Amino acid sequence: MKRLFAMLLLVPSLASADTELGVYGDVDGHAHTQGSRDSTTDSFSAASVELFAVARQGRWSFLSEINFEADDTNEFSMDVERLEVAYVHADWLRFVFGRFPVAMGWYSDAINHGAIFQLPATRAVMVSFEDEGGLAPSHSVGVHTDGRLAVADDHIRYDVELGNGRAADLDTVQSNHDENRAKSLNVRLRYEPGGALDGLLVGANVYFDSIDADDVSPDDKLPASPALHEWIYGAHAAYLEHGFHFVTETMMVRHVELGSGIVRTTYGTFVEAGHTFDKLTPFARYERVRYPAAGDPYYQRDAADSFDAVSAGIRHATNDNIALKLQATASKAPVPGSSVDYALTGQIAFGF
Amino acid sequence: MTPTRIVIALVAACTLACGLASSDAHADGYALVANASGAPGSLAKSDVRALYTGKAKTFANTVALVVVRGDADATFGQFADDVFGISAKTLLAKIKQEVFKGEMPKPVKAASDDEVIEAVAGTPGTLGVVSAAAAGHLPKTVTVIRIGG
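If you read the protein sequences in the order shown, they are chains G and V.
Take the first sequence: its position 239, counting from 1, is numbered 240 in this note's numbering, and each next residue is one higher.
Take the second sequence: its position 37, counting from 1, is numbered 126 in this note's numbering, and each next residue is one higher.
A portion of the hints provided could be inaccurate.
Derived EDC-like pairs (lysine to aspartate or glutamate); straight-line CA-CA distance at most 20 Å [claimed, not checked]: (1) V:K144 x G:D155; (2) V:K134 x V:D171; (3) V:K134 x G:D199; (4) G:K280 x G:D306; (5) V:K183 x G:E231; (6) V:K183 x V:D162; (7) V:K178 x G:E231; (8) V:K190 x G:E242; (9) V:K190 x G:D279; (10) V:K185 x G:E242; (11) V:K178 x G:D279; (12) G:K280 x V:E192; (13) G:K184 x G:D215; (14) V:K183 x G:D306; (15) V:K144 x G:D306; (16) G:K184 x G:E242; (17) G:K184 x G:D199; (18) V:K144 x G:D215; (19) V:K134 x G:E242; (20) V:K183 x G:D215; (21) V:K185 x V:D203; (22) V:K190 x G:E231.
Hints listed in this document are in silico derivations from the structure and should not be mistaken for laboratory results.
All of these numbers come straight from a predicted model, not from anything done at the bench.
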């Protein structure tokens with residue numbers, strides 16, 4: 002690992018003087034409780050550091066984001082989060098090849114790691130990464146195209162993606178090869194009004210994928226996932242101008258089992274708002290996720306995993322490279338007898 | 090010359106003068122400049138905002154590249170306030186985020202009017218901001234872009 006790290010640091014100077022390297026990450030402290038001593042856990046976490054590199058030559062550009070991340074076993078592993086080669090033809094047509102964040106909703110490709118750019122300390126669960134409980138895929142490997150077209154004073158932005166899609170194992174991004182021949186297709190359309198509403202984004206998504214059956218059930222909570230078709234429909238709006246931070250997303254995920262035709266539908270939504278006063282930005286968020294009553298074998302979650310959560314916190318932009326955050330969250334499953342789960346997160350996010 | 094013609098001439102002169110004053114960036118203490126190759130004579134504020142935040146990816150038929158100055162730079166601060174309604178520090182943070190997203194190339198950093206002009210002159214598609222005084226004696230390869238409403 003040390004040798005690899007050293008090689009990565011050397012690559013920019015060897016490859017091109019124009020390559021720029023950045024380092025991003027965060028160190029955190031967490032506490033969770035349901036009100037009793039037995040239900041209380043607390044930890045410090047220094048589990049993520051990212052090497053970010055960009056370079057450009059004419060209409061071509063390169064971007065990579067390599068994340069060194071510690072998982073539940075407390076061992077660091079390396080994950081290439083983004084590996085993008087892009088070609089800009091015109092404002093109305095850009096191609097991106099490689100591994101990229103899925104252009105779905107606002108969060109997925111607006112905040113892909115780089116905690117310093119994220120207002121809250123944690124993302125809403127529905128837009129978390131695929132290996133952290135997110136409902137939708139957050140990375141895809143394939144071809145992305147986008148463009149922006151003027152319509153009078155307004156603009157329409159489109160994104161179309163063809164990728165390997167999701168693997169039978171929910172956590173896996175198919176970076177090397179596709180387990181099946183079917184490809185995922187994602188389409189996002191956004192309306193960007195001009196004039197007084199300049200800065201507002203309103204958009205919608207449709208995503209389709211065909212996913213193979215999984216052989217094993219990860220924790221035997223639900224049966225192993227059968228082969229299925231995944232449809233994701235979403236809508237979002239965001240406004241981040243003049244000190245305001247407003248983001249809302251809603252998503253419906255339909256898993257259609259091949260053969261039986263059984264449909265399992267999961268819903269998620271959140272709204273997040275804040276306002277910057279000099280270096281301080283207080284914020285609040287409400288989120289709601291509903292899994293199907295009978296459970297979804299692909300997610301390995303059922304109605305008891307559904308929840309409503311309210312978060313509030315504050316971000317301090319300490320300097321150009323450091324942001325301090327403190328966030329409190331209360332969440333509860335909508336089932337009788339469930340307890341409220343309280344969480345407190347402190348974070349130092351950095352980007353150099 | 091009849092009184093009617095005199096009035097028409099005065100109105101036309103005032104209209105022209107007012108139009109130039111309102112759209113000429115020199116009057117604001119800063120000027121948006123660009124590499125002269127293929128550059129338009131003017132841009133709407135919304136177009137300038139789009140170029141400086143990666144929403145618009147091309148300028149003058151090539152990939153857009155912006156030159157930025159420090160957050161304490163008075164000229165750049167005036168530009169950020171006038172065009173974006175935010176501080177230079179906030180604008181630079183926005184640009185940093187768009188670069189991280191892959192929406193725009195990493196900007197060129199400049200510490201003076203001369204450095205901005207040198208960067209803009211060297212690469213087609215490049216835009217920067219200089220003081221109004223510096224905009225008065227630009228090389229032929231650099232042109233002033235008027236900023237519209």
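Hint check:
Note on V:K144 and G:D155: the hinted pairing holds, with a Cα-Cα distance of about 12 Å set against a maximum of 20 Å. Between V:K134 and V:D171 the CA atoms are separated by roughly 9 Å; this keeps the pair inside 20 Å, and the hint holds. Taken as a hint, the V:K134 and G:D199 pair is honoured in the structure, with Cα atoms around 11 Å apart against an allowance of 20 Å. For the hint linking G:K280 to G:D306, the alpha-carbon distance of about 37 Å lies beyond 20 Å, and the restraint is violated.
A threshold of 20 Å between alpha carbons decides the hint, and for V:K183 with G:E231 the separation of about 35 Å lies outside it, so the pair is violated. Distance hint between V:K183 and V:D162 is fulfilled; the C-alpha atoms sit about 17 Å from each other, no more than 20 Å. In summary, the hint linking V:K178 to G:E231 is not supported, as the alpha carbons are separated by about 43 Å, beyond the 20 Å threshold. At most 20 Å may separate the alpha-carbon atoms for a hinted pair to count; V:K190 and G:E242 meet this at roughly 18 Å.
Of the supplied pair hints, the one linking V:K190 and G:D279 is violated, its CA atoms being roughly 24 Å apart against a limit of 20 Å. Note on V:K185 and G:E242: the hinted pairing holds, with a Cα-Cα distance of about 16 Å set against a maximum of 20 Å. A C-alpha spacing of about 11 Å is found between V:K178 and G:D279, which places the hinted pair at or below 20 Å, so the restraint holds. A distance of roughly 25 Å separates the Cα atoms of G:K280 and V:E192; the hinted pair therefore is violated under the 20 Å criterion.
With a C-alpha separation of about 17 Å, the suggested pairing of G:K184 with G:D215 holds against the 20 Å cut-off. Between V:K183 and G:D306 the CA atoms are separated by roughly 36 Å; this puts the pair beyond 20 Å, and the hint is violated. Between V:K144 and G:D306, the direct Cα distance comes to roughly 39 Å. Violation of the 20 Å bound is thereby established for this hinted pair. For the given pair, G:K184 sits about 37 Å from G:E242 by alpha-carbon distance, which is inconsistent with the 20 Å threshold.
For the given pair, G:K184 sits about 36 Å from G:D199 by alpha-carbon distance, which is inconsistent with the 20 Å threshold. Restraint check: the Cα-Cα separation between V:K144 and G:D215 comes to about 41 Å, which exceeds 20 Å; the hinted pair is violated. Proximity of V:K134 to G:E242 is assessed by CA-CA distance (about 15 Å); at most 20 Å being required, the pair is judged to hold. For the suggested pair V:K183 and G:D215, the alpha carbons sit about 42 Å apart, so the restraint of at most 20 Å is broken.
Straight-line distance between C-alpha atoms of V:K185 and V:D203 comes to about 23 Å, which puts the hinted pair past the 20 Å bound. With a C-alpha separation of about 27 Å, the suggested pair V:K190 and G:E231 falls outside the 20 Å cut-off, and the hint is violated.
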